[in-house]
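Undergrad: Note that the protein sequences, when read in sequence, are chains A and B. Reading the first sequence from the start, the letters are residues 534 to 894 in my numbering. Reading the second sequence from the start, the letters are residues 5 to 334 in my numbering.
Calculated directly from the structure, the hints in this document are not laboratory data. From a predicted model like this one, the values you see are computed outputs, not experimental measurements. Heads up, the beta-carbon is just placed ideally off N, CA and C, and yes, glycines get one too. Among these hints, one or two may not hold up.
[Claimed, not checked] Partial selection, computed: residues in chain B whose CB lies under 8 angstroms from chain A:
1. Val200
2. Leu207
3. His224
4. Leu226
5. Gln263
6. Met266
[Claimed, not checked] Derived list of chain A stretches under chain B, where covered just means 3 residues or more per stretch with a C-beta under 8 angstroms from a C-beta of chain B:
7. 589-596
8. 720-734
9. 759-765
Residues per chain are reported as follows:
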Amino acid sequence: MSVTTSPATTDTAPLLRITDLAVSYAAPRRGTHLGTGAALDGAELEVRRGEIVGIVGETGSGKTTLARATVGLVSPARGTIEFDGTDLGSLRGRALRDFRRRGRVQLVFQDSLRSLDPDLDVAALVAEPLDIAGGLSAADRSQRVDEALQEVGLEPGAVLRRRPGQLSGGQRQRVALARAIVTRPDLLLCDEPVSALDVSNRNLVLNLLDRLRRDLDLAVVIIAHDLSSLAGIADRVAVFYRSRLVEQGPIREVLESPAHPYTALLTASAPSVTRHHRLRPDDVCVPVDDERAAWTADGGCVFAARCRFAHDACRVQPDVLPLGPTRTAACYVAGRWDQPAQPTQPTQPTQPQSTQSTQPA
Amino acid sequence: MPQPETTGSTLGVTDLRVSVAHGQTAVRDVSFDIAPGESVGLVGESGSGKTLTCRAVLGLLPGGVRVEAGRVELGEGPTAVELTGAGRRTWNQVRGTRLAAVFQDPASYLNPSLTIGHQVDEQLRVRGGLARAEARTRTLELLLEVGIHDAATVYHQYPFQLSGGMLQRVLIAIAVSLNPDLLIADEATTALDTVVQAEILDLVGRLRRSHRLSLLLVTHDLAVVAESCDRVLVMYGGEIVESGPTEQVLNDPQHPYTQALMRVASIGDWSRRTLETIAGQPPAPGEELPGCRFAPRCPLAAAECTAAPVPVVELGDQRAARCVKVAVPA
Chain A
534 MSVTTSPATT
544 DTAPLLRITD
554 LAVSYAAPRR
564 GTHLGTGAAL
574 DGAELEVRRG
584 EIVGIVGETG
594 SGKTTLARAT
604 VGLVSPARGT
614 IEFDGTDLGS
624 LRGRALRDFR
634 RRGRVQLVFQ
644 DSLRSLDPDL
654 DVAALVAEPL
664 DIAGGLSAAD
674 RSQRVDEALQ
684 EVGLEPGAVL
694 RRRPGQLSGG
704 QRQRVALARA
714 IVTRPDLLLC
724 DEPVSALDVS
734 NRNLVLNLLD
744 RLRRDLDLAV
754 VIIAHDLSSL
764 AGIADRVAVF
774 YRSRLVEQGP
784 IREVLESPAH
794 PYTALLTASA
804 PSVTRHHRLR
814 PDDVCVPVDD
824 ERAAWTADGG
834 CVFAARCRFA
844 HDACRVQPDV
854 LPLGPTRTAA
864 CYVAGRWDQP
874 AQPTQPTQPT
884 QPQSTQSTQP
894 A
Chain B
5 MPQPETTGST
15 LGVTDLRVSV
25 AHGQTAVRDV
35 SFDIAPGESV
45 GLVGESGSGK
55 TLTCRAVLGL
65 LPGGVRVEAG
75 RVELGEGPTA
85 VELTGAGRRT
95 WNQVRGTRLA
105 AVFQDPASYL
115 NPSLTIGHQV
125 DEQLRVRGGL
135 ARAEARTRTL
145 ELLLEVGIHD
155 AATVYHQYPF
165 QLSGGMLQRV
175 LIAIAVSLNP
185 DLLIADEATT
195 ALDTVVQAEI
205 LDLVGRLRRS
215 HRLSLLLVTH
225 DLAVVAESCD
235 RVLVMYGGEI
245 VESGPTEQVL
255 NDPQHPYTQA
265 LMRVASIGDW
275 SRRTLETIAG
285 QPPAPGEELP
295 GCRFAPRCPL
305 AAAECTAAPV
315 PVVELGDQRA
325 ARCVKVAVPA
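Same shape as in the complex, but just chain A:
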């Protein structure tokens, strides 16, 4: 299914394969926005060595949950997470502990100011994962720390004795990255690595991730809430909306011809200094329609309430289906919503009734 066009990847088995993953934090409660149950439902993802995969979605779409489930911070309700041929869900006791201590999968948390211990200096922060893995002499350990810091473009002599509060945002993010790569992982998950940085530092960190995957043959997953930070470096992108995967494919294809209306909304909403928008948010999105919001609660498409192209079929959540050799999307009108001929008869006017009922078309 997921044959990629990335030059760095071959048709080897994926390093990480997530199948039909569901995670639930609390029992669903009707009539509230809270405890809607599923934080993630039916998620699929494959990542190969040397590949950068982006995960995009709004707040609460389940992208962080996916990363947390992969490193074992939350347990899935359903589905499997396979890493290098091993089903992580089947690991128990000693095997699980050994796997986690070796640090082959590393997660860089969101907000490095709050996720790095403010009382430890950079030397201790970066050495900590090695201490946990064990088996290194003090000299080897400090050499590995220096290497990791140099790898992320920091001068060890200048930062080793500093604490997180004494570093700039960009430096702190690089320390968080050094801490993650010091165990020489195979898979690096980065949760919003650039959202707190200004544009120049953002590009610096993204370039760094790009170099790391080349230098270390890392598989990298970057979680982001905007497409522009992925556009430059990711090979593939997976778009999540309200706990579901809505579209996946090579980044350029997804961004240039989005198959799912939500992806189209994302590209249309991205600010640009050139002010050239082929598509406007209004072209794919309508104000939330209460009736169709109820469809979602009853198992309909997650995007139905805001979708301009929602129709009767959308009362049932569409499956994620292949759309060409390298792309998948979960939409009944995937890839053809922008064509003038309506493929299905909408039973709803494209505008919500409340604003249109009194106006002649």
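Since the structure of chain A is already known, use the hints to place chain B on it.
TA: Using the frame of chain A, we list chain B on its own:
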């Protein structure tokens, strides 16, 4: 983009100088005007002094940070107020009614233990002098106006029940509730996802037109300014290095720093493979440099750049740049 009427002045900042601890200067000789109904973007990297500038205007500088010199004048004529030396009484008269602000991280600006309705009402009752029932009616109108379509439900909800985008809408509703002349948005959309950011910018644009509101939008993202501002001020190392109408500045940036910002900004061209960065670090606040503050990072830097302080060169057509290399119009 049609230019707004540029008669009169909502905000006039003249030679503003702000110092941080030990008298180090973090904002140097910043001057700009905002006309009624105009939207102005203030852009720069982290540490460029953009947030200190807008906090100085709001009178919300953190402890130890002081306005050393300059004037901040709100309005003009008989109702003009000078804010740099203003006391508590003046601030109470001005904040909310003539000057309002929204910030990044909306959740931390609302009381978690009071309902949304209570917090919007409070402003209308305490400052607007409305009775309880009137305030409630007005609050529901305001919530609808900022795009919260189930206002009656949200009225009774608590901040934790709403998403970041909804909370930002609530804060905008509170900010515009007393019809201020100027809204300051300091990185107000930075923490929001792309779709919500576009919606909030669109909302602010609509409110500007319906309330004849001036806007000072502080952001690190030139692309956000391109979408929503009439005029742009580019800040670097505590100074305004370039200013002018957004379209002209973005089409033909004069200062090397603006040019660098353009290269790193989101251009909406998805095929771009290289992500440019600006080499080097910005100067620390208070760091004294002999000439141009961008010279250490500037690809065009020459001896004349660091010989003496670089003045602002007026380029005509409302444009100006602080660079010795720009062509002075004949």
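Undergrad: Return the numbers of the hints above that this structure violates; sort them in rising order.
TA: Violated: hints 2 and 5.
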